[in-house]
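Construct the entire structure; sequences and hints are all you get.
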Amino acid sequence: MSDRDHHDDGPNKGSGFSRRRVLECMTWAGTGVLWTISGGVPRSLGLVGSAEAAEAKGLTFLQISDSHVGFDKPANPNAIGTLEEAINKIKLIPVKPSFMIHTGDITHLSKAAEFDNAERIISQAKLDVHYVPGEHDFIDEEVKLYRERYGRGTKGAGWYSFDANGVHFIGLVNVVDLKGGGLGNLGNEQLEWLEDDLKGKSKSMPIVVFAHIPLWSVYPTWGWGTEDGARALDYLKGFGSVTVLNGHIHQVMQKVEGNVTFHTARSTAFPQPAPGSAPSPGPMKVEDAKLRTLLGVASINFKPGEAQLAIIDTPLQG
Amino acid sequence: MTSLSRRSLGSAVGLAIAAAIVLPAARVRAEETAINIDNFTFEPKELTVKVGSTVTWKNRDDIPHTIVSAGKFRSKTLDTDDSFSFTFMAAGDYKYFCSLHPHMTGMVKVE
Chain A
2 MSDRDHHDDG PNKGSGFSRR RVLECMTWAG TGVLWTISGG VPRSLGLVGS
52 AEAAEAKGLT FLQISDSHVG FDKPANPNAI GTLEEAINKI KLIPVKPSFM
102 IHTGDITHLS KAAEFDNAER IISQAKLDVH YVPGEHDFID EEVKLYRERY
152 GRGTKGAGWY SFDANGVHFI GLVNVVDLKG GGLGNLGNEQ LEWLEDDLKG
202 KSKSMPIVVF AHIPLWSVYP TWGWGTEDGA RALDYLKGFG SVTVLNGHIH
252 QVMQKVEGNV TFHTARSTAF PQPAPGSAPS PGPMKVEDAK LRTLLGVASI
302 NFKPGEAQLA IIDTPLQG
Chain B
87 MTSLSRRSLG SAVGLAIAAA IVLPAARVRA EETAINIDNF TFEPKELTVK
137 VGSTVTWKNR DDIPHTIVSA GKFRSKTLDT DDSFSFTFMA AGDYKYFCSL
187 HPHMTGMVKV E
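In order, the protein sequences belong to chains A and B.
Numbered per the working numbering, the first sequence spans residues 2 to 319.
Numbered per the working numbering, the second sequence spans residues 87 to 197.
Derived from the structure by calculation, the hints contain no laboratory data.
Be aware that one or more of the hints could be misleading.
Some chain B residues close to chain A (C-beta under 7 Å, calculated; not the full set) [stated by the list, open to error]:
(1) Val135
(2) Thr163
(3) Phe183
(4) Ser185
(5) His187
(6) Pro188
Stretch-level coverage of chain B by chain A, calculated; a stretch enters the list once three of its residues show a Cβ under 8 Å from a Cβ in chain A [what the hints assert, rightly or not]:
(7) 121 to 130
(8) 148 to 162
Cut-off 27 Å, straight-line C-alpha distance, at most; resulting in silico cross-link-like pairs (DSSO-like, lysine-lysine) [said to hold, decoys possible]:
(9) A/Lys180 - B/Lys131
(10) A/Lys145 - B/Lys158
(11) A/Lys204 - A/Lys180
(12) B/Lys144 - A/Lys180
(13) A/Lys286 - B/Lys144
Positions of the beta carbon are idealized from the N, C-alpha and C atoms, including for glycine.
Put into C-alpha cells, the structure is as follows:
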C-alpha cells in the first residue's frame, strides 16, 4: 500500500472506499504486531516476554506517547494517573530496557506545571528518555518550555540523531510551521539535515525514525499524515531495515512497505477513534471499564541480523 | 451544510430582531457574529460580514485549537470553552486555519 494509494482515497472518493483501505491497513497491524493476548505472550511476563528478553542479545527499548498531562476531560479525567500506571508497568519489566522514546504530546497545553508533572512521573522509570515534541508541546505563549527542557543538543525545532547498539535513531519534528489545509510538516531545513545525517551510513545499519505525527498517510482527512514525509522516506531507500515509530493518533496501526515498517503507539491518556469512524478525531469516550484496554505503551526489540524489529504493544489492562 | 447555513441565517435574524428591540430607531452597523469550533470544524466554515463586524470563535471541543489568518490575526491557544474575537476593519477574504490541526480551515468574507 503506497502513499499514493492513500491520496487516491482522498475526501472526494466515497468514504466507504477509504474506510476499506484503512481497514486493510489495520489488517496489516493484526499480522505485524504481537499483541499481548492474541500473540500468545503471557501477560504475567510483563511488557517483554522474559524468554524473549533473555534470548535477545540486541536492544530493547520502549515507546510511550501522547501522555497529554493536564488533560481532564470526560474521555479520561485523570490522564496523569494513567501515565503513572504506564510508568509503574514499565518499572516491573524483568529485563531493564536500554532506554525509552517519547513520541510527543507530553503535555496537553504546554503549561510549566504539566511539563513538571510529566517529568516527575516519567523519571520514575529510571530510564534515559529521548523526546520529540507533539503539537501540544509547543503552545505556550513564548514557545520555549519544550526546548528549555528537551531541546539541548538538538537542531532546529528539536530534531537529532544518535546511535545505540549499532542502530541509528533519528528523532524528527513534524509539528511546526504547519500550513493551512495541510498535514504534518518537516520542512526543508530538517530534510536537508536528514539527508546529510544519513550520508555515509552503511546501508546495513538498521534505522529507527521517530516523530509525533505519522510520516505515512494514515488518514489525511483528519490530518493524519506528513506533507513532506515521502521526501524523508526517499532518503531512507536502500537501507535494509527502517522502522518508523509515531504517535498522535492514539491507537495502534502498522503497515509494512518494502524495507520500511510503520507503526503508531497507543496514548497513555485517551483513545481516539479509528479513521472515519466518528465525526472527528477528538478524544473518544468509552466505558470506564474499557479505557485501560485502549491505552498503553510499546516495547521494541532489535536482534542483530534480523531486518524487522519486533514491536509489542501492551495495553494498561487486558 | 444546508442546515448549517440555515442555522447561521437563523441566528443572524435573531440578532437583527434583538437589535430592533433594543435600538428601534437605528439600524445596527457593527454586527457581532459567532463561529463555533465543534468536532474539528469551524461552523459556519464560510461567513460573510460587514466591515466593522466583530467575529467571535468559541472552542467547544475537548482539544485545544487556534485561529490563524496568515499576516492578519492569530489567537492564543483556545482550550475548551475559550473564545477569541477579532474586529474586521477592512473588506476582503480572510482565510484562516487552526495551526495545531491545519486541515481545519475557514473563511470570513468582509464586505
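* Asked: Which numbered hints are broken by the structure, listed smallest first?
  -> Numbers 1, 11 - these are the hints that the structure violates, sorted from lowest upward.
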